[in-house]
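From first to last, the protein sequence lines stand for chains A and B.
Going by numbering that gives the first Met the number 0, the letters in the first sequence line up with residues 0 to 221, in that order.
Going by numbering that gives the first Met the number 0, the letters in the second sequence line up with residues 0 to 627, in that order.
Derived by calculation from the structure, the hints in this document are not laboratory data.
Yeah, the Cβ is synthetic: ideal placement off N, Cα and C, and Gly gets one too.
Heads up, a few of these hints could be off.
Unchecked claim - Restricting the straight-line Cα-Cα distance to at most 20 Å, the calculated cross-link-like pairs of lysine to aspartate or glutamate (EDC-like) are:
1) B/Lys528 / A/Glu180
2) B/Lys72 / B/Glu49
3) B/Lys330 / A/Glu183
What the hints assert, rightly or not - Anything over 10 Å on all C-beta distances counts as not near chain A; from chain B, calculated:
4) Pro181
5) Gly303
6) Gln353
7) His354
8) Pro359
9) Arg364
10) Asp472
11) Ser578
12) Ser585
13) Gln593
14) Ile596
15) Ala604
16) Val607
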Amino acid sequence: MTLFRTISGLALLLLFAALAYDLKRQWKNWNAVREFLVSQMRLPLLVWQKRQALLAENILLFARRIVFLLTVLVFLLLAITGFVPLLVLGDHLTGILLVIHVTVAPLFALSLSALALLWAHRLRFLRSDGEAVRGLINNRYQEKENIIRFAWKTCFWLVSVLSLPLMLTVILGLYPLFGTEGEEVLIRLHGYSALFLMLVAIVHLYLTIAYVKQSPEQFVKE
Amino acid sequence: MMTERKNIVRILIPLFMALGTVAGQTSTTIGDVADGNRALPVHLIKLCDEFDHVINLDEKPVMPFSAKQTCRKCHDYEKIRAGWHFNAADSSVHPGRAGEPWIFVDRQAAVQIPLSYRKWNGTYNPAALGLSTFKFLTTFGRHLPGGGVGENETLQDLNDYMRWQVSGSLDVNCQSCHNADPAQNQAEYGVQVLRQNFRWAAAASSGFTTVQGTAGEMPDSYDLYSAVPPEKSNFLPPTVTYNSSRFDVTGKVLFNVPRKMPHTQCSFCHSSKVIDPSQPERWEGEEDVHLAAGMVCVDCHRNGLDHQMVRGYEGEAELNGKPAAAFLTCKGCHIGIDDTSIPRQGKKGAPRPQHLGIPPVHFERLACTACHSGPWPASATVRVKTSRAHALGIPKADKADDALPQIVAPVFAKQANGTYAPHNLFWPAFWGFRKDNDVTPILPEVVRPLVMEILSKDTTRVLSRWPILRESDIHGILQCLQALDSTRTPVYVSSGKLFSMGPDGKLETSDHEAATPYLWPLAHDVRPKAQSLGVRGCTDCHATDAPFHFGTVLVASPYVADQDSVERMTHFQDKAAISAWLFSMSFLFRPGLQLIIILCFLLMASIVLLYTMRGLARMIRSLALEEE
């Protein structure tokens, strides 16, 4: 418990420090960073306001955005209810937070599955991604956009893969299959899966708002 | 000069030798050091009276034997008398986890109040209720094994001095726990104590004597060796008659003293009867699973010569500085303690529980007893009668199911260590004076006439278990009490509330620490695995009507305002009922949520697998193309 708390705290601290550093590097001063973040916060509202136009243009286009926003919202709820008691109180998840967590978790599973259905094909790795990686390894010049694209796709697939142990540990824990030690291992695995998924998802979200300036569909267009 | 030195040496050497001998005598006694032989020592011994004279049946009057003097020949009585069963009044002893108090009940004064010489929160020292040690013994000594306040002269009230001379002291009765003779009669011991026959009680219980007469009927001037005064000629003085066939030719008597006493010996003082309407007959109930497996109480509740019994609760080992006690808790036996060099779990073949599918948080938040001990929780608590509270086992004890005091169980309450455990509970009821925030009980004999006067004026009132009190009665009594002491505020504590007269002269109700119910954890009877909470699934506890959170606790008190007749279990759990209810509600749709997660898992796994396979296929194809 203490170890997991320490690892989680440190990992989140390091990640947010790195993201803050990158934002500052991009936007030069904190005021500009703040303005940028506020403008990004308004994006969901913008999507909602333009829903009619988006629907008219392409229903899938609208669905991809709505599902993404819903997944982010539910993910934040889960992250807060799951990690706040642990990081702030040093306690297990119980009471009303647990009720919210277990109620929201299936919604996350649903929205993540929908997201995977809608985005998996577009975010599959292509020959160009392989070349970008090879270029990076061989220290050859690569366009920044190619690297970001590869990182963005990697994050998506990592979230998808990490969601598997995340869900499996919950499912197995709910059935009388494991004893106390087994249950403890499952909870630990659930915690670490959630932690890594959260870190990767935050990076994915950051890349989306900080680097994917154009339409995501355009960004990953073959 | 030389002669003087020689004289000093002659004096000092014998003096040091004598001191050495005295020091050696206090070290050990013959029965206290085992040589390792596992055979049972035969206790064929001579009996001694309280003056340490060997009992001679030809002497007149023949004295009752004293367990203290008889047993101390081979056992360190001084060490034993400091044991848990005898040290309640020793303020230097840590009281440990709250246990069952002595409950003083005065039906006519509408009083039931927890007493203890131990400083357990919520209990009162018997002296607060006017009980000197002598009165305490004649009230509760029936279920005490002697010792403690029974023999500690420094605690005796000077006003009782003459009575103590007549009754004798109530020394530790070793036989209460160690005499396995089928004729050992603890009920007879109890009767003798109630008759003030303290010095005769141990002999009377042994099964080979007959004690007649009552010290309580004798005048203060009564002397053992003199005749009964003429004014008491109708009464028989206490006398003892031995069954001479139990003495061998050397005047010795055989005592049956096994190493482990059968549980029935402990049960005299430690029984409880659950008034379960669904199991009205004894045969319908079950006994503790450990007893059913052939174990006895002392298999877990062990002790050494110091008689510091292992009570068996978590944290006791640290509190008493006895690490071995940690292995004698539920967890210690069944699961084991992590930080030990050698495994010590599985004592007596204790099975290791699997607890399949139970989230580990349960083992941090719940005591083992929460799921495994006490009566199976129903929608409302049931009444419980205990040996000490209801004088069970004593002839003429009230056998009615609703006999006072009113104890209810199981109440799932939060303990000091943060875990939930089943408890016995009862609501204190007493009259008192409040000054600042302290409430001091008033002696029942002061209030009793006031209550009886009210009842006598109204012939329609029925005196049931409690006198039926109305708000106006309490008001009237409080007014009378105010006249006795105008410097303090008279109050009545009942049903978890404190009643007092407000500035406008009307009866006011408020919450007060003195009115909080007294709870003590229950650990027995332990139910088998198949009857433990949770065996039918999560909803044994996590249903919107599950007794664990939503069972009702009867507010059994002499005076109960209508709206306060029951209390919900969450009241004792530091938990908002709505939070528990919401959590329980979530279990209604959890099966659906589980299904969603399973389907989503399968979908996600398929997508990941599909694209992994596609990637793999592409890789194989490009490798083949490169080769071509």
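So, going through the hints one by one against the coordinates:
1. B/Lys528 / A/Glu180: holds (19 Å)
2. B/Lys72 / B/Glu49: holds (13 Å)
3. B/Lys330 / A/Glu183: holds (17 Å)
4. Pro181: Non-interface label on B/Pro181 holds, nearest chain A Cβ at 44 Å vs cutoff 10 Å.
5. Gly303: holds (33 Å)
6. Gln353: violated (4 Å)
7. His354: Violated, because the least Cβ-Cβ distance between B/His354 and chain A comes to about 5 Å, which does not exceed 10 Å.
8. Pro359: violated (5 Å)
9. Arg364: violated (8 Å)
10. Asp472: Check passes; 44 Å lies beyond 10 Å.
11. Ser578: violated (5 Å)
12. Ser585: violated (5 Å)
13. Gln593: B/Gln593 is in fact no farther than 10 Å from some Cβ atom of chain A, at 6 Å.
14. Ile596: violated (5 Å)
15. Ala604: At about 6 Å from chain A, B/Ala604 fails to clear the 10 Å cut-off, so the statement is violated.
16. Val607: violated (5 Å)
Comparing the model with each earlier hint shows violations of hints 6, 7, 8, 9, 11, 12, 13, 14, 15, 16; every other hint is respected.
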